[in-house]
Structures are given as C-alpha cells and as structure tokens.
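**Q** The residues making up each chain are set out below.
There are 2 protein chains.
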Amino acid sequence: MKEAHSPDHAPLLAQVVSTGDEVLTGAIVDTNSAFIAARLLEVGLHVTRHTAVGDDALRLRDLLVEIGDHADIAVVTGGLGPTVDDITARAAADAAGVALVENAAALASIQAFFERFSRSMSPSDHKQALFPENADILFNRSGTAPGFAMTIGKCRFFFLPGVPREMQTMMAELVIPAIRADYIPPDRQQHYREKQLSLFGLPEAEVNQRLIEPSKQFKEVKLGMLARFPVIIVKLFAFGRDPDEIGSRIEAAAGRVHEALGRWMFSDNGDALETVVAGLLTGKGLTVAVAESCTGGLISDRLTNVSGSSDYFLMSAVTYANEAKTAILGVSPDTIEAHGAVSEQTAGEMAAGIRRISGADYGVATSGIAGPTGGTDDKPVGTLCVAIAGPQGVISKRRVLPFRDRAANKEIFAYVALDMLRRELIA
Amino acid sequence: MKEAHSPDHAPLLAQVVSTGDEVLTGAIVDTNSAFIAARLLEVGLHVTRHTAVGDDALRLRDLLVEIGDHADIAVVTGGLGPTVDDITARAAADAAGVALVENAAALASIQAFFERFSRSMSPSDHKQALFPENADILFNRSGTAPGFAMTIGKCRFFFLPGVPREMQTMMAELVIPAIRADYIPPDRQQHYREKQLSLFGLPEAEVNQRLIEPSKQFKEVKLGMLARFPVIIVKLFAFGRDPDEIGSRIEAAAGRVHEALGRWMFSDNGDALETVVAGLLTGKGLTVAVAESCTGGLISDRLTNVSGSSDYFLMSAVTYANEAKTAILGVSPDTIEAHGAVSEQTAGEMAAGIRRISGADYGVATSGIAGPTGGTDDKPVGTLCVAIAGPQGVISKRRVLPFRDRAANKEIFAYVALDMLRRELIA
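In order, the protein sequence lines correspond to chains Y and H. Per numbering that gives the first Met the number 0, numbering of the first sequence is gapless, rising by one per residue and ending at 426. Per numbering that gives the first Met the number 0, numbering of the second sequence is gapless, rising by one per residue and ending at 426.
In case anyone wonders, no lab produced these hints; they're calculated from the structure. There may be inaccurate statements among the hints.
[What the hints assert, rightly or not] Computed list of chain H residues with no C-beta within reach of chain Y, every gap over 12 angstroms:
1) L40
2) G261
3) P401
4) M419
[Stated by the list, open to error] The following residues of chain H were derived to be distant from chain Y, with all beta-carbon distances above 10 angstroms:
5) D84
6) S331
7) P379
[Said to hold, decoys possible] Estimated spans, in silico, between C-beta atoms of each pair:
8) S214(H) - I211(Y): 56 to 64 angstroms
9) K221(H) - R118(Y): 16 to 24 angstroms
10) S141(H) - P242(Y): 41 to 49 angstroms
Cβ coordinates follow ideal geometry from the N, Cα and C atoms, glycine included.
With these hints in hand, go ahead and build the complete structure from the sequences.
**A** Listed below in structure tokens is the structure:
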C-alpha cells in the first residue's frame with residue numbers, strides 16, 4: 000500500500016480533469032470525463048468533481064495543487080503531445096515542486112513507435128519524453144505520447160493522453176489495475192457488475208412505476224433508467240466482494256424487471272432493436288422486404304447496418320410518390336383514392352406488394368406524416384400507418400405520435416415498424 | 000453597471016458549472032458546458048474552468064463559494080426541478096448566506112405553465128418557486144423550472160435548468176443580454192461573427208495545407224478546423240467593435256478559403272450535404288430516384304430528411320439481392336455474371352433502371368462492400384461503385400475507401416454518391 004490510501008471505511012475520493020482549449024472554449028464536447036468517472040465508480044471510488052481547464056500551465060498547476068489537497072485519486076487527460084500547447088508534464092512538475100527530466104525508457108518507447116511506422120522523430124517529439132522527476136511512466140501502446148503517474152499533495156494522479164481510444168485502453172490496462180492493487184485494501188476490494196435491459200414503447204413515468212416493486216424486492220441491486228430516444232434503458236448494477244454472487248443477484252433482479260416490463264423489453268444485452276430482429280429472422284431462416292414511405296429508407300438502413308444482413312434482407316422500395324406505390328408495389332389507385340396514401344389500407348397493400356414482388360417471408364410497410372408540414376385535422380403530423388404482411392396475412396395499424404419534429408418522427412416510426420415485426424416473430 | 004465588473008482592460012473571467020449525479024457518474028455526457036462556454040466566449044469573456052459536481056448541496060455550496068472568490072461571471076446548469084435531488088437553490092442560498100423564500104411571480108409562472116397543459120400542480124412543484132432571497136428570477140418559457148441570477152462573493156451567477164433546449168433559449172434571451180448590458184462597459188462591448196465552410200473528400204492534412212496562405216493573408220480572422228466524419232468544417236471567426244466590419248472581413252477571408260478548397264466545399268452556411276443537393280434539385284425543378292445496394296437505404300433516408308422532399312425525391316429501391324436488381328431495376332443478369340454485382344457496369348445499369356422506372360431526371364445508384372466481411376483481393380472491403388444516370392447519359396466510377404468498419408463505410412459511401420450528384424448538378 001502506498002501513502003495515498005484513505006483511512007479505513009471512508010470511501011476514496013476521486014476527481015477527473017480534462018485539459019485543453021478545445022474543451023474549455025466549447026469547440027468540442029468532453030466525452031472522456033464521463034468514461035473515466037464510470038470506470039472509477041466501478042472500482043468503488045467516490046467521484047466528487049470533474050474539472051476542465053485550458054492549455055494554461057499556471058491554471059493547471061493551481062488546479063493540481065487544489066486537487067492534491069482534497070482528493071485521493073485523480074485522472075487527468077490531455078496535453079501530453081509534442082506541441083507548445085501540451086503543458087501537462089510541466090504543470091505537474093511545478094505542482095509537485097520537482098524538475099522535468101528526460102525519461103530514457105519513455106524516449107525508447109516513442110522511438111520504437113516511430114520506427115514501427117517508418118516515420119522519423121522530430122525534435123518536438125523528444126518533448127514527449129520529458130516527465131516530472133520520479134514520475135512512473137504509463138506506456139501507451141496505441142499512440143506516441145506516454146502517460147505518467149505521480150503523487151501531488153495527498154493525491155495519486157494518473158495523467159493520460161486525450162485521444163479517447165488511447166485513454167480508454169490505458170484506463171483499462173494500467174490505471175484501474177494500479178488503483179485496485181495500490182489503493183484499495185484487500186479487505187475492501189469490490190467488484191462491479193451491470194446489465195442493461197432495453198425497451199421501446201412505454202413512457203418514462205410508466206417504466207418508473209413498473210420498477211417500484213422490483214427495486215423494493217432486490218435492495219442490493221441498484222436500478223437506473225436512461226432515456227436514449229426512443230429507447231429506454233433500465234440499468235441494473237451492483238457492487239460486492241464476490242463477482243459470482245453479485246452476478247446472480249443481478250440476473251434474479253433482471254428476471255423480475257423483465258416480467259414487469261413485459262413484451263416492451265426487446266434486449267437484455269445492449270443489442271439494438273434491428274440486431275434483435277436480425278437475430279430472430281436468421282434464427283428462423285426467414286427473410287424480409289420493406290416498403291417505406293414516411294420513413295424514407297431509415298428502416299432499410301437500420302436493417303442493413305447489421306453485418307450479414309444479405310441473409311435475411313431482400314430489398315426495399317421507398318415509394319414516396321403515389322405513382323411509385325401503384326407502379327412498383329401494385330397498390331390499387333382506388334385504395335389511395337378512397338382512404339388516402341396515409342391509411343391502414345394503403346400500408347397493408349404496400350406490405351403485401353413488397354412481399355409479393357420480393358418473395359420475402361415478411362413485408363413491412365410504413366406510410367405517415369413526419370412533418371413539419373403535411374398534417375391535417377384528420378391525419379395530424381405524427382400519424383403513422385404501419386403494416387406487416389406475412390404467411391398468416393396482413394396486419395395493419397394506425398398510431399398518432401406526439402412529436403412535431405421530422406427527424407424524431409422518422410426515428411420513432413422506424414422503431415414502431417421494427418418492433419411490430421419483432422413481436423410478430425416472437426408471437 | 001453592477002458591482003461585479005472587473006477592472007478596466009483585464010478580461011472578465013467566467014466559469015461554467017454542471018450539476019447532477021448523472022454527469023458526475025458518467026451516465027450522461029455533459030453537452031451543456033460546451034454550449035455555454037462557446038456563448039460566453041462570443042461576448043468576449045475569458046472562460047477559465049468548467050466544473051461538474053453531483054446532487055450534493057454541501058459540495059455545490061463549497062464550489063459556489065470558491066467560484067465567487069475567483070470569477071466575475073458563472074453559469075450553472077441543473078438541479079432546479081421539483082425532486083429532492085434538485086438542490087441548487089438551497090446550495091446557492093447557503094453560499095450567499097441568505098434565506099430561501101417563495102417567489103410569488105415565479106409561483107404564478109409555474110402555475111400558468113401547468114394550466115396551459117391542463118395538468119395539476121403537485122406540492123413538490125411548489126418547491127420550484129423557492130429561491131434565495133433577492134435573487135432575480137429568470138423566466139423559462141419552455142419548461143416549468145425558472146432559473147435565477149444572484150451575486151455570491153464577487154461573482155454574478157446565472158442558474159439555469161439542465162434541459163438543453165430550455166437552457167439554450169434562456170442563454171440567448173436572458174443571460175447573454177444581461178451580461179452585455181450589466182458587465183461589459185460600453186467601450187469594451189465587442190461583437191462576434193463566425194462562418195462555417197463544410198467540405199467533403201479532402202484529407203485533414205491537405206485541408207491544413209490549403210489554409211496556410213489564407214490564414215497569413217487574413218490575420219484578424221481566426222481559422223479552426225473541426226472533423227465531423229466524413230465532413231470537415233472550416234470555421235472562420237473574428238471579434239471586433241464594429242459588427243459590419245468583422246462581418247465583411249470574414250466574408251473576404253471565406254472567399255479566399257473557398258478558392259483554396261475548390262469544389263470540395265459544399266456549403267458556407269452549415270447546411271448538410273443532402274440539404275444542398277435538395278436545394279439544387281428544387282431550384283432547377285428536377286427530380287431524383289435512388290437504387291441502393293451497399294448503402295442500404297441511407298441515401299434515401301438522408302434525402303428524405305429534408306422537409307418538402309416529396310417535391311424532388313420520387314422513389315428508391317434498396318436491391319440487396321441480385322434477383323431484385325434484375326427483376327425491379329432491369330439489370331441484365333449477363334452484366335452481373337460478367338462483372339459482378341459490385342462493378343461500374345452493374346451500378347450504371349441500376350442507375351439507368353431506377354431513372355427509367357421512376358421517370359426521375361436523375362437516377363443515383365450504389366453497389367459496394369461495406370464489410371466487415373465480403374471483401375476479396377480484387378474488391379476489398381471499402382470498394383464502392385457509384386453511378387449517376389441523367390439527361391446526358393450514365394457516369395459510373397469506382398472508389399476504394401480505407402475503412403474496415405461497416406457503419407463508417409455506409410456513411411462515406413452515401414456521401415460519395417450525394418456529392419457526385421451535387422457536382423453533376425453544378426457542372
């Protein structure tokens with residue numbers, strides 16, 4: 000155990016720092032801090048603050064000194080590159096009151112990286128081998144800039160590059176294992192497990208209501224709800240000494256939550272709705288074709304995002320114009336005349352038509368009004384008619400959704416259609 | 000002028016704070032802080048820090064006191080709602096050493112909001128009308144929770160809801176005007192103007208190279224480059240006393256940058272590529288139809304994201320299976336046999352076929368290998384054949400792109416096709 004561990008039973012306090020003018024001025028959104036905070040939480044640290052500062056060595060030094068007084072563990076990203084803006088090592092050395100010295104092992108690692116890609120090293124690249132005296136180098140196997148770890152005040156700092164991919168690898172392979180080994184006493188080591196249940200079609204308030212009983216019943220498992228429009232994710236997570244035990248607790252709670260959510264739940268492993276539908280189709284050796292109007296190709300795009308989609312996806316027709324609906328899909332002009340292009344009848348004939356011309360097992364069709372214009376009193380913006388033609392015939396339904404935004408409507412219309420197909424396949 | 004303005008000539012220092020356990024634990028990425036920082040920068044403030052803290056009234060109080068000692072202006076988001084987690088007003092009152100009191104005008108505004116939506120107000124909603132004594136209420140016309148402004152230490156704080164849409168409206172309508180009016184002396188008022196040039200198809204290093212001369216020539220205008228795969232945005236911005244003067248400086252620099260970027264630039268107003276293509280088609284009274292294989296519906300989806308797309312978009316066929324290519328589009332089986340489904344010849348016949356059956360002025364077609372599987376030595380993953388059939392005949396070309404990722408390939412394939420149509424329309 001090193002000097003920085005906290006007194007028994009008080010949780011270790013952690014902070015996350017992001018450096019760089021691009022974050023500070025709002026040119027880019029900082030996604031690193033959320034990632035790091037989630038990983039620190041999983042080993043049982045209590046994250047108290049995230050801070051972002053610019054490429055300013057004095058302000059960063061002051062911040063590191065402040066954090067050194069308050070936190071036990073801190074992870075800092077950015078500012079390790081070869082340019083003059085990369086001031087993190089200098090600021091850390093100043094905060095600790097030590098010199099900046101060239102590290103031979105780090106220099107060799109940077110040289111090796113350049114050789115591997117047959118590039119020559121410029122003088123400014125040498126700067127990346129300068130570290131605060133006595134810092135521990137954190138080698139970066141996917142980029143040139145090594146990170147480092149050092150103690151400032153009472154806090155152990157881990158300095159990582161700002162490139163998300165490099166940072167993520169170093170967090171998983173170097174930082175988290177070091178925190179576990181050096182800062183968490185054997186009797187306080189804990190494991191983290193989580194499971195995500197994805198659902199579509201229930202309002203948040205209703206999901207909340209349905210989670211009340213399960214959360215009372217499984218007090219050791221925490222439940223969180225994340226809205227990822229139009230999907231809601233119920234996250235179950237738990238900490239504990241025995242990874243198998245917390246794993247089975249989560250499974251038991253997930254079973255109960257699944258019961259509470261019913262057929263609205265479409266995935267228990269983070270899979271997207273189209274991946275679930277693809278799995279059901281390939282598992283049964285079935286094929287699908289799509290006739291889209293208001294969704295404009297989005298359903299097809301989603302279905303073909305899954306690798307291997309040519310096994311189950313035969314074709315789609317995006318028939319925006321009425322002429323295309325009749326000429327390509329064989330929708331009767333009388334049907335459009337009598338009921339309108341946006342009607343259960345037209346959607347039903349579109350689904351039957353695409354099934355017939357493609358030879359697919361299932362035909363899926365949408366016709367609706369995505370907006371922002373085109374709505375009427377009878378068929379307001381948000382109206383969707385969706386149909387599925389299958390071996391048992393055609394089912395068709397109308398929904399009116401509350402959104403006025405074109406992109407939101409296209410998105411939710413595509414979900415309604417894919418979810419209707421999913422339910423048909425598990426019926 | 001209120002008491003918080005800084006001495007002459009020193010820039011006003013600003014900080015941004017985000018509150019809430021969801022941000023702190025990494026469950027959501029904080030996008031509000033980037034937005035707020037960019038707006039504060041535009042009025043000439045110097046943003047020194049962003050900080051995120053959880054739903055913890057004591058830690059937030061301590062942070063507000065700290066910031067009150069160091070900054071001139073601060074914007075805080077989140078924690079204004081009706082639940083027990085919403086602790087911002089309490090923390091602000093404690094930081095300033097004042098009481099929390101019910102504000103009659105805020106209560107009336109919340110009640111009016113509920114009445115407008117025929118909902119009844121619960122006791123916890125009343126909590127949203129409690130504010131630190133002497134705080135100035137910031138009315139929220141798009142949600143229930145009003146914000147407030149108050150002085151803590153030497154700093155003027157603006158507290159806003161965390162809902163991005165509400166926060167953004169209140170920043171633009173209330174906070175920025177108040178900062179301009181009360182904290183920036185008349186002789187130091189400055190204006191900000193920016194312009195974004197969007198381009199597709201040049202590597203970043205090449206764009207950098209092409210920007211060297213323009214940035215030397217227009218030193219008062221700053222140039223930034225943002226990668227938004229697969230688009231690169233060149234941002235030109237400038238500050239100054241006279242908005243017309245900086246506007247014309249930016250226009251002059253933009254003209255020079257446009258020359259340097261040539262036909263790779265597709266928009267000078269932030270419009271998406273599909274919006275530019277839609278504008279060209281409607282401007283000329285032309286129509287388009289699409290035959291997609293590897294892009295799986297993505298081109299159609301993009302073209303129909305533009306409101307009013309039924310004016311120019313007639314139909315598309317996503318013909319994944321070879322049978323669909325021949326049966327629907329009339330591609331000759333001999334062509335597929337001789338050259339393969341992924342070939343300039345097949346793409347050309349697909350484009351001509353969709354043009355013929357739809358009656359559109361232009362037919363656009365793609366056939367390619369998005370991966371991750373399906374590549375060969377001859378036609379590796381990343382191979383795209385794209386064709387346009389128009390009044391002047393069919394043009395067809397093959398590109399091999401360096402990505403191995405299916406989603407990245409679909410995205411860039413769709414851009415290549417749309418950009419080829421754009422160039423055809425401006426030729």
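**Q** Tell me if the beta carbons of K221(H) and R118(Y) are separated by a distance inside 16 to 24 angstroms.
**A** Once the Cβ atoms are compared, 30 angstroms apart, the range 16 to 24 angstroms for R118(Y) and K221(H) is violated.
**Q** Quick check for students: does the CB of P379(H) sit more than 10 angstroms from each CB in chain Y?
**A** holds, 16 angstroms
**Q** Can we confirm that no CB of chain Y comes within 10 angstroms of the CB of D84(H)?
**A** holds, 13 angstroms
**Q** Is the claim that P401(H) lies outside the interface with chain Y correct, judged by CB distances over 12 angstroms?
**A** holds, 15 angstroms
**Q** When you take the CB atoms of S214(H) and I211(Y), is the distance between them in 56 to 64 angstroms?
**A** Cβ of S214(H) to Cβ of I211(Y): about 59 angstroms, so the range 56 to 64 angstroms holds.
**Q** Return holds or violated for the Cβ distance of S141(H) and P242(Y) against the range 41 to 49 angstroms.
**A** Because 46 angstroms falls inside the window, the suggested range holds.
**Q** Please confirm whether M419(H) is truly not at the interface, meaning its C-beta sits more than 12 angstroms away from all C-beta atoms of chain Y.
**A** holds, 18 angstroms
**Q** Is the Cβ of S331(H) more than 10 angstroms away from each Cβ in chain Y?
**A** Correct as stated: the minimum Cβ-Cβ distance to chain Y is 18 angstroms, above 10 angstroms.
**Q** Taking the minimum C-beta separation from L40(H) to chain Y, is that value above 12 angstroms?
**A** violated, 5 angstroms
**Q** Please verify that the nearest CB of chain Y lies beyond 12 angstroms from G261(H)'s CB.
**A** holds, 25 angstroms
The structure shown violates the earlier hints numbered 1, 9.
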